[in-house]
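**Student:** Here the protein sequences come in this chain order: A and B.
As numbered in this note's numbering, residues 1 to 441 make up the first sequence, in order.
As numbered in this note's numbering, residues 1 to 573 make up the second sequence, in order.
Simulated from the structure, these hints should not be mistaken for laboratory data.
Remember, it's a predicted structure, so these values are computed and weren't measured experimentally.
Be aware that one or more of the hints could be misleading.
[Said to hold, decoys possible] Straight-line C-alpha distance at most 27 Å; calculated DSS-like pairs for lysine-lysine:
1. B:K355 <-> B:K386
2. B:K551 <-> A:K436
3. B:K314 <-> B:K287
4. A:K332 <-> B:K314
5. A:K91 <-> B:K42
6. B:K42 <-> B:K66
7. B:K213 <-> B:K186
8. B:K287 <-> A:K125
9. B:K186 <-> B:K289
10. A:K332 <-> B:K508
11. A:K369 <-> B:K42
12. A:K91 <-> B:K183
13. B:K505 <-> A:K332
14. A:K436 <-> B:K386
15. A:K369 <-> B:K39
16. B:K136 <-> B:K186
17. B:K282 <-> B:K195
18. B:K402 <-> B:K464
19. B:K242 <-> B:K287
20. A:K436 <-> B:K136
21. B:K508 <-> A:K125
22. B:K387 <-> B:K415
23. A:K436 <-> B:K415
24. B:K186 <-> A:K436
25. B:K291 <-> B:K458
[Claimed, not checked] Reference excerpt, derived from the structure (chain B facing chain A, CB under 7 Å, subset only):
26. K42
27. N78
28. I153
29. P157
Think of the CB as a built atom: it goes at the ideal place given N, C-alpha and C, for glycine as much as any other residue.
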Amino acid sequence: MEPTFLEIVLIAILGTVISSLLAIIPALHIYNVIAIILFTFGGLSTIIPQALLPYLFLGMVCGYVVLNTITSVFLSAPDESMIFVVLPGQKMLLAGRGYEAAIITGFGSILGGVFLFVITPFVIKFLPVVRRLLMPHLYWILAAVSLYMLQSEWPKGTERGKFGWARFLEAWRHLSAGLLTFFASGLLGFIVMTRNPLPPERSFQSLLPIFVGLFAIPWVLINIASKKEIPEQFNPKTVDFGISSAIVATIAGGLGGLLAATFPILTAGIGGLLAGQAVASKDERVFVASQGVSKTVYYAGAFLFFFLPGARLGKGGLVAMLRPFFVPTSAKGFYYALASMLLSLCLAFFLLILYTKIIIKLLQKISYKVISLVTLFLLFMIVYLMTGFYGIGISIVATAIGLLPVLFGSRRVNCMGVLLFPVTINMAGYGGALAKFLGLV
Amino acid sequence: MEPLEKREEGYCQSCGRYIGAYKICPYCGARIDERLSVKVLKIFSLAFTFVGVIAVYFVAKSAELKKVPVSDIKEEMNYAVVCVEGIVTRAPSYNPEAQSIIFYIEDTTGSIRLTAYRNDADALRSAGKVPRLGDKVEACGTVRVVEGNPSIIINIPERLVITPPPAPEITRIEDITDTLLNKPVKIRAKILSIKQTAGPINVLLGSLESNAKISMPIFKNQFTPPELNEGDTVEVTGVVSKYKEQLQIQARDSLSIVVVGKAPELDFESAQIQSIGSITRKMVGEKAKIKGDIISTRKIKNGILVNVSDGTGKITILVWDSVIRMLQNKELLSEGNIITALGTVELYKETLELKLENADDIELVPGKKEPTKRVAIGKIDKSYVKKSVEISGKITRVKDIKNGKLFELSDETGKIDVVIWRKALKYVKNPELIAVGNEATLKGEVDEYKGTLEIIIKRGEELKLSGTSKQTTSPLEATISTKKIGEITSSMVEQIVKVSGKVQKLRKISKGMIAELEDETGRISVVFWSNVWDKVSDRVIEGATISVKGKVKVYKDQLEIIPSKATDITVEE
Numbered sequence: 001m002e003p004t005f006l007e008i009v010l011i012a013i014l015g016t017v018i019s020s021l022l023a024i025i026p027a028l029h030i031y032n033v034i035a036i037i038l039f040t041f042g043g044l045s046t047i048i049p050q051a052l053l054p055y056l057f058l059g060m061v062c063g064y065v066v067l068n069t070i071t072s073v074f075l076s077a078p079d080e081s082m083i084f085v086v087l088p089g090q091k092m093l094l095a096g097r098g099y100e101a102a103i104i105t106g107f108g109s110i111l112g113g114v115f116l117f118v119i120t121p122f123v124i125k126f127l128p129v130v131r132r133l134l135m136p137h138l139y140w141i142l143a144a145v146s147l148y149m150l151q152s153e154w155p156k157g158t159e160r161g162k163f164g165w166a167r168f169l170e171a172w173r174h175l176s177a178g179l180l181t182f183f184a185s186g187l188l189g190f191i192v193m194t195r196n197p198l199p200p201e202r203s204f205q206s207l208l209p210i211f212v213g214l215f216a217i218p219w220v221l222i223n224i225a226s227k228k229e230i231p232e233q234f235n236p237k238t239v240d241f242g243i244s245s246a247i248v249a250t251i252a253g254g255l256g257g258l259l260a261a262t263f264p265i266l267t268a269g270i271g272g273l274l275a276g277q278a279v280a281s282k283d284e285r286v287f288v289a290s291q292g293v294s295k296t297v298y299y300a301g302a303f304l305f306f307f308l309p310g311a312r313l314g315k316g317g318l319v320a321m322l323r324p325f326f327v328p329t330s331a332k333g334f335y336y337a338l339a340s341m342l343l344s345l346c347l348a349f350f351l352l353i354l355y356t357k358i359i360i361k362l363l364q365k366i367s368y369k370v371i372s373l374v375t376l377f378l379l380f381m382i383v384y385l386m387t388g389f390y391g392i393g394i395s396i397v398a399t400a401i402g403l404l405p406v407l408f409g410s411r412r413v414n415c416m417g418v419l420l421f422p423v424t425i426n427m428a429g430y431g432g433a434l435a436k437f438l439g440l441v
Numbered sequence: 001m002e003p004l005e006k007r008e009e010g011y012c013q014s015c016g017r018y019i020g021a022y023k024i025c026p027y028c029g030a031r032i033d034e035r036l037s038v039k040v041l042k043i044f045s046l047a048f049t050f051v052g053v054i055a056v057y058f059v060a061k062s063a064e065l066k067k068v069p070v071s072d073i074k075e076e077m078n079y080a081v082v083c084v085e086g087i088v089t090r091a092p093s094y095n096p097e098a099q100s101i102i103f104y105i106e107d108t109t110g111s112i113r114l115t116a117y118r119n120d121a122d123a124l125r126s127a128g129k130v131p132r133l134g135d136k137v138e139a140c141g142t143v144r145v146v147e148g149n150p151s152i153i154i155n156i157p158e159r160l161v162i163t164p165p166p167a168p169e170i171t172r173i174e175d176i177t178d179t180l181l182n183k184p185v186k187i188r189a190k191i192l193s194i195k196q197t198a199g200p201i202n203v204l205l206g207s208l209e210s211n212a213k214i215s216m217p218i219f220k221n222q223f224t225p226p227e228l229n230e231g232d233t234v235e236v237t238g239v240v241s242k243y244k245e246q247l248q249i250q251a252r253d254s255l256s257i258v259v260v261g262k263a264p265e266l267d268f269e270s271a272q273i274q275s276i277g278s279i280t281r282k283m284v285g286e287k288a289k290i291k292g293d294i295i296s297t298r299k300i301k302n303g304i305l306v307n308v309s310d311g312t313g314k315i316t317i318l319v320w321d322s323v324i325r326m327l328q329n330k331e332l333l334s335e336g337n338i339i340t341a342l343g344t345v346e347l348y349k350e351t352l353e354l355k356l357e358n359a360d361d362i363e364l365v366p367g368k369k370e371p372t373k374r375v376a377i378g379k380i381d382k383s384y385v386k387k388s389v390e391i392s393g394k395i396t397r398v399k400d401i402k403n404g405k406l407f408e409l410s411d412e413t414g415k416i417d418v419v420i421w422r423k424a425l426k427y428v429k430n431p432e433l434i435a436v437g438n439e440a441t442l443k444g445e446v447d448e449y450k451g452t453l454e455i456i457i458k459r460g461e462e463l464k465l466s467g468t469s470k471q472t473t474s475p476l477e478a479t480i481s482t483k484k485i486g487e488i489t490s491s492m493v494e495q496i497v498k499v500s501g502k503v504q505k506l507r508k509i510s511k512g513m514i515a516e517l518e519d520e521t522g523r524i525s526v527v528f529w530s531n532v533w534d535k536v537s538d539r540v541i542e543g544a545t546i547s548v549k550g551k552v553k554v555y556k557d558q559l560e561i562i563p564s565k566a567t568d569i570t571v572e573e
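The following block holds chain A by itself, in its conformation from the complex (with noise of 0.2 Å):
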């Protein structure tokens, strides 16, 4: 029986209450969460309706979207989406800012919502001609997006050894971060994906191991080797952000987001990269905000375009979960979606408010260590259920990689490598070639 308006609306903020408490855990992706409800828990088939499953998966992405913003300014523990957000953001946070900080991002989050909307006619009717437009160049079109990342490593140290060679190592130092990084993860990926290690039944999980390995073991592991203390907090009343500051934060993260949502592999992380550099902003409050759109459009827009009928539109982590499971089969089943995402964003943003609030008390009392130590024991733990032994062997080398940009200077994206690499040159197709040089074949 197809479900009910108000049925899609209260599982979807059952979700989005649901993923609010489990964003604040450090590094905790929210895809890892409902892989192990679709695969582990019968996919909750025994309490909740299989139609409905997919809005609570809707509900919970618009928490995670919200409040992980909490983690990436006060905790230092980004997603890939949000590595942009961590410099601007913990300055802010260094000065006694992380609350605007973090309701800036927020509400960048509300207007990624807003942008959803406004765009969703357009993207029903073009979508689908661009992506069959652009599906045969795709290829060397993630090419160039590799390049532009790696060139735009670009000079970037400040420092300067005291010789010639210490001063031509020192030069390089970031830009070969930069350039280890991309192609070790890259590799990496490359080889996972041609022969992956792991057993064909985990395979569904297969890149699990690999981005928890990049992205947050990495921010883990240096919370607890740094001392940081986090200085007092203001908590302001208003928060100043002009109505300018949001069309030019919506348009530069939305294109960002759009990007990503877009083509495949992209994700909102370069995404953000590419639009902020197009529409570059000196506002450190725009960057922020105009990252939370970013998000906000990869995540519940690629989620929201799999509820279209026929599109195939969707993309991202979750979808592919979702794919083999659920079909969607009414064009009302995406509108209700569209309601429920903007309902659920809304309702993120307040608890975003209410949860900034206590964890800038609780900090104050509880030991980073600890819940850096409890996150780390947490996200072995997944990877050990997902994958096994073999997983958490591929997340080590992963995380030895995603150390990589964060202690020699480097742009942590250059990690997407893991995905821009392989299937850049499968499409180009080269893969049997490589595969065959390697001797994977």
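Assemble the complex: chain A is given as a structure, and chain B must be docked to it using the hints.
**Tutor:** Then chain B, alone, in the frame of chain A:
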């Protein structure tokens, strides 16, 4: 202020500013000492990046790709790289739009689709690694499960290994049973018929020894077959498959169909006439020339069935309208005349018939039939039954009957009922003149019905009418009474009916609209083609009550009504 030496990592020990991971303060240029924990992490990350990637590489390289039974491939294996082995049960098809090659293999546990896209598809083609039907295939690729349906993407062409099956011995069509399902066979057979369908070309193959038959579908997107003609003897190497519970053979490719004997080329002049009685089922697919009297004719869609007898037997000749149009003396294609025809022997619904495809293969000559007598109506008695007569008179009564029209014709000597069926009525010139008071001259056969004599007009052209009084509706229309939807049955297919009802639902189709019409007795689909729909779309809306006159058709076992023009639809206010 806190002393600088007590500042935490991440801050410049000289100026106190936050500098993150920098070793030299970008603000004051002071060198910052790294803590041991960070140094350890740096060494770990560099070492494990190199060692780890190499280790994963060797583990992956040494790991055997797991060969799995098809039925084991489930949702949890999405994105797994696995190997499967099986026999190709559906020949590869190339989709130029998606630039993909798709084929299906089957092992003992089930069937799965394998796809290679773009460059990989090109690589397979250029390497000659496109498997053929019946080949044994071992393929390794990435599992993709979409909407519950698993498939395997071949993204490394080297991982496809094809083993052709051993050349099969010739099998008789009679011996092909379920035990040979999905197994390669070779048969020698005669082509009984070749039919072009919306999907494949259906070639019906007949045994050379008995009446056993098997069909061979040929899909155009798989390969182009050699030139085949009905009557040809062919040798086909293929795989036995099943479609709608019927066994069939699928040729492996164009080279697997070899014409070993061409059907003898017969032309009308040189072909010997053979007696109809000598035509047997064994001759299905062969050409035959016969000569006989036309006993009767029956109009069918797109053609005429001509029943012919030569004293030794009877046979039906199928003549398409396209052939009739080319005939010089087509008026002789009627009862009583003599036909000589060269055609292909076919079996249709267990009855032999001769199919004509060329107007040059028919010769028609007038028969020596008894001339039609012109008689006064009063003189017609039972001795005239089954005889042909010509009468004239005034129409004194008209009645619509099922499937036709009945009228009474009177002259000064008497009166008689005349029946004209709808199929003949169509050929009447000025049929609206079948009205009381008008004059009629007609030729027909005398018949007896319930003890009363009547004349049946068999050909519409043989009814000549004159007069002025006209009906407001055509005689054809006059026979159409409004029916309840529940009364429409399959026996009424191809008939024109009129129904009324409420439009419950409208459904768009590519070339028009389908309305679900409902009355108290049932529901039926009404198909409005675009030319009709464009004119009534503003009035025929959901909830409207409409009357529709149209032809009854069957589509996918469902009855439907198709109006031919906009005026056939009346919307009640």
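**Student:** Looking back at the numbered hints, which does the structure fail to meet, lowest number first?
**Tutor:** 1, 2, 4, 6, 8, 9, 12, 14, 19, 23, 24, 28
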